[in-house]
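Colleague: Read off the chains here:
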Amino acid sequence: NAGVMQNPRHLVRRRGQEARLRCSPMKGHSHVYWYRQLPEEGLKFMVYLQKENIIDESGMPKERFSAEFPKEGPSILRIQQVVRGDSAAYFCASSPPLGGANYGYTFGSGTRLTVV
Amino acid sequence: GESVGLHLPTLSVQEGDNSIINCAYSNSASDYFIWYKQESGKGPQFIIDIRSNMDKRQGQRVTVLLNKTVKHLSLQIAATQPGDSAVYFCAENGNAGGTSYGKLTFGQGTILTVHP
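Heads up: the sequence lines are chains R and W, in that order.
In terms of the numbering used here, the first sequence is residues 1 to 116.
In terms of the numbering used here, the second sequence is residues 1 to 116.
Only chain R is shown next, with the shape it has when bound in the complex (with noise of 0.2 Å):
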């Protein structure tokens, strides 16, 4: 049973392109959740959703920065125009349809993203 898949691993971008970042939750997994980490800090969330739902956006940037969990595929986080304070590690996280930390709350290895 392999876990939570996401690619790339490591992902360089120049200033004003765009950043795509998949993540493909556990099998059986349907909730899936999307933090960011800056170098020597704790993970912030981001974002939760469900298939073809957000859940909850409340620590998403208000622009350039979208997320989506279609019915089909993997979940996208997409950053529009980066610039270099972009620059951390994603991480998402999967968890089964119950839903919520306490159940198989489960991190992918992240992407590291470098704007430059």
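It should be emphasised that the hints constitute simulated quantities derived from the structure, not laboratory data.
If a hint is listed, it holds; no wrong ones were tucked in.
Derived list of chain W stretches under chain R, where covered just means 3 residues or more per stretch with a C-beta under 8 Å from a C-beta of chain R:
| hint | stretch |
| --- | --- |
| 1 | 37–51 |
| 2 | 104–115 |
Here are a few chain R residues that sit away from chain W, every Cβ distance over 12 Å (derived from the structure):
| hint | residue |
| --- | --- |
| 3 | Leu-11 |
| 4 | Arg-14 |
| 5 | Arg-15 |
| 6 | Lys-27 |
| 7 | Gly-28 |
| 8 | Glu-52 |
| 9 | Lys-62 |
| 10 | Arg-64 |
| 11 | Glu-68 |
| 12 | Glu-72 |
| 13 | Gly-73 |
| 14 | Ile-76 |
| 15 | Val-116 |
Listed next, the in silico DSSO-like pairs over lysine-lysine satisfying Cα-Cα at most 27 Å (straight line):
| hint | chain 1 | residue 1 | chain 2 | residue 2 |
| --- | --- | --- | --- | --- |
| 16 | W | Lys-68 | R | Lys-44 |
| 17 | W | Lys-42 | R | Lys-27 |
| 18 | R | Lys-44 | R | Lys-27 |
| 19 | W | Lys-68 | W | Lys-37 |
| 20 | R | Lys-51 | W | Lys-42 |
| 21 | W | Lys-37 | W | Lys-56 |
| 22 | R | Lys-44 | R | Lys-62 |
| 23 | R | Lys-27 | W | Lys-37 |
| 24 | R | Lys-71 | R | Lys-51 |
| 25 | W | Lys-71 | R | Lys-44 |
| 26 | R | Lys-44 | W | Lys-42 |
| 27 | R | Lys-71 | R | Lys-27 |
| 28 | R | Lys-27 | R | Lys-51 |
| 29 | R | Lys-44 | R | Lys-71 |
| 30 | W | Lys-56 | W | Lys-71 |
| 31 | R | Lys-62 | R | Lys-51 |
| 32 | R | Lys-44 | W | Lys-37 |
| 33 | W | Lys-71 | W | Lys-37 |
In this text the structure is predicted, and so the values were computed from the model without any measurement.
C-beta: ideal position from N, C-alpha, C; glycine also.
On the provided structure of chain R, position chain W as indicated by the hints.
Modeller: The following block gives chain W in isolation, referenced to the frame of chain R:
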């Protein structure tokens, strides 16, 4: 705003010693707490959790203590091994239920270094 923070950013111990990592939280509504271990280049790995109706929980070589009176959480690692070297984060799920269910708030992290 509400936050979860750590008292000690770094901890160095000798192999075989016991380690104690501390965490303070400020959200009095928190009812569930988790300790994660994060190794370099990897995602957070679940270690142990505790609910607010408990004050102690033990796992294999690890014990979590919760003091709700002073909003303090600690992780004790017995007979620390070099493989325990990592960054340790506490996290809380202060809004279990509703649209925020599953959203975690992380502390800053403590770097544990175990010397052979």
